[in-house]
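**Q** Single-letter residue listing:
Protein chains: 2
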Amino acid sequence: MIEPHPSGGYILEELVVGMTAEKHVPITEERIAHFAEASDDFNPVHMDEAFASKTAYRGRIAHGLLTASFGSAVVGTILPGAGAIYLSQTLNFHKPVRIGDVVVARVTVASIDEVAARVVLRCEGFVNGEPIMDGDATVRVPRRRRVR
Amino acid sequence: MIEPHPSGGYILEELVVGMTAEKHVPITEERIAHFAEASDDFNPVHMDEAFASKTAYRGRIAHGLLTASFGSAVVGTILPGAGAIYLSQTLNFHKPVRIGDVVVARVTVASIDEVAARVVLRCEGFVNGEPIMDGDATVRVPRRRRVR
Chain A
152 MIEPHPSGGY ILEELVVGMT AEKHVPITEE RIAHFAEASD DFNPVHMDEA FASKTAYRGR
212 IAHGLLTASF GSAVVGTILP GAGAIYLSQT LNFHKPVRIG DVVVARVTVA SIDEVAARVV
272 LRCEGFVNGE PIMDGDATVR VPRRRRVR
Chain B
152 MIEPHPSGGY ILEELVVGMT AEKHVPITEE RIAHFAEASD DFNPVHMDEA FASKTAYRGR
212 IAHGLLTASF GSAVVGTILP GAGAIYLSQT LNFHKPVRIG DVVVARVTVA SIDEVAARVV
272 LRCEGFVNGE PIMDGDATVR VPRRRRVR
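Going down the list, the protein sequences come from chains A and B. When we follow my numbering, the leftmost residue of the first sequence carries the number 152, and every step to the right adds one. When we follow my numbering, the leftmost residue of the second sequence carries the number 152, and every step to the right adds one.
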């Protein structure tokens with residue numbers, strides 16, 4: 152685990168492959184309701200236990216992009232943090248996530264392109280140690296400013 | 152534009168490459184606040200105009216996964232709709248999205264794997280006709296139930 156830079160974000164020259172950061176986020180009914188309002192996604196598989204219990208999921212599940220957002224939050228606020236510009240993201244969903252689960256979102260610096268100032272961050276989500284999602288975020292990271 | 156199936160979602164046999172659905176979602180301060188609560192992502196580039204105005208974005212922008220969530224909402228609630236199981240998603244971010252923008256999220260059936268019951272949906276986001284993001288969602292879609 153690493154601490155965020157006091158400036159609010161790492162610059163390119165401070166990043167090293169293998170650096171990692173994580174946060175733990177509990178899945179609550181309130182969190183799912185906020186995501187539904189934000190995304191305008193009121194799919195009953197997320198909102199209605201009676202409906203969801205009759206689906207393949209056998210109960211309410213969190214929106215996939217909600218669980219993905221925790222890794223994105225680590226990227227945007229911890230590693231590399233503020234200043235990083237999001238270019239792309241891949242996401243693979245492995246298992247449904249339910250109310251009461253605590254998602255561990257872990258982000259690891261996977262590769263650094265010094266020329267393009269682009270960094271690939273491996274994003275992984277776990278519940279009780281089991282992978283529920285993964286994917287790669289590609290961001291552009293600011294370089295050190297030259298002092299004249 | 153197509154209407155959702157009365158059952159709440161399309162089955163595999165009803166889908167055809169080229170089918171499309173879209174929705175228009177206004178970006179408001181309230182929507183960004185809901186997404187911040189949901190994702191626990193209070194990055195000041197999304198929350199604080201004074202901070203954001205000094206960054207490369209030159210003002211507050213919506214979270215990338217917030218704008219991505221509108222396409223996911225179309226997939227989960229319109230095309231193919233309830234019953235689709237999210238397997239994976241790719242996302243490319245082209246331009247920042249700001250408060251006051253209206254995002255048009257368009258989803259198109261790009262390919263259908265009848266054997267695996269997997270469907271790839273092209274997801275595109277536009278503001279004032281300009282692309283702000285795109286990506287592909289891969290979902291598993293239920294087949295027609297056999298009546299005995």
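Treat the hints as calculated values from the structure; they're not laboratory data. A portion of the hints provided could be inaccurate.
For identical chains, the list gives no copy identity; a pair is met inside one copy or between any two copies.
[As the list claims (entries may be wrong)] In silico SDA-like links for lysine to any residue, alpha-carbon gap of 20 Å or less:
hint : residue 1 : residue 2
1    : Lys-205   : Ala-267
2    : Lys-174   : Val-255
3    : Lys-246   : Ile-236
4    : Lys-205   : Ala-261
5    : Lys-174   : Thr-259
6    : Lys-174   : Leu-238
7    : Lys-246   : Glu-265
**Q** Could you run down the list of hints and mark each one as holding or not?
**A** Hint check results:
In this assembly of identical chains, the alpha carbons of Lys-205 and Ala-267 never lie at most 20 Å apart, being 49 Å within a copy and 22 Å across copies at closest. In this homomeric assembly, Lys-174 and Val-255 come within 20 Å of each other (Cα to Cα) only inside a single copy, at 6 Å, whereas the closest approach across copies is 32 Å. Only between protomers do Lys-246 and Ile-236 lie at most 20 Å apart by alpha-carbon distance; the minimum there is 10 Å, versus 29 Å within a single protomer. Taking the closest pair of Cα atoms, Lys-205 and Ala-261 never come within 20 Å of each other, the shortest separation being 40 Å inside a single copy and 29 Å across copies.
For the homomeric pair Lys-174 and Thr-259, the shortest alpha-carbon distance inside one copy (12 Å) is at most 20 Å, but the shortest distance between copies (35 Å) is not. For the identical chains of this complex, Lys-174 and Leu-238 are neighbours neither inside a copy (22 Å) nor across copies (24 Å), given an alpha-carbon limit of 20 Å. For the homomeric pair Lys-246 and Glu-265, neither the shortest alpha-carbon distance inside one copy (35 Å) nor that between copies (23 Å) is at most 20 Å.
Checked against the numbered hints above, the structure breaks hints 1, 4, 6 and 7 and satisfies the rest.
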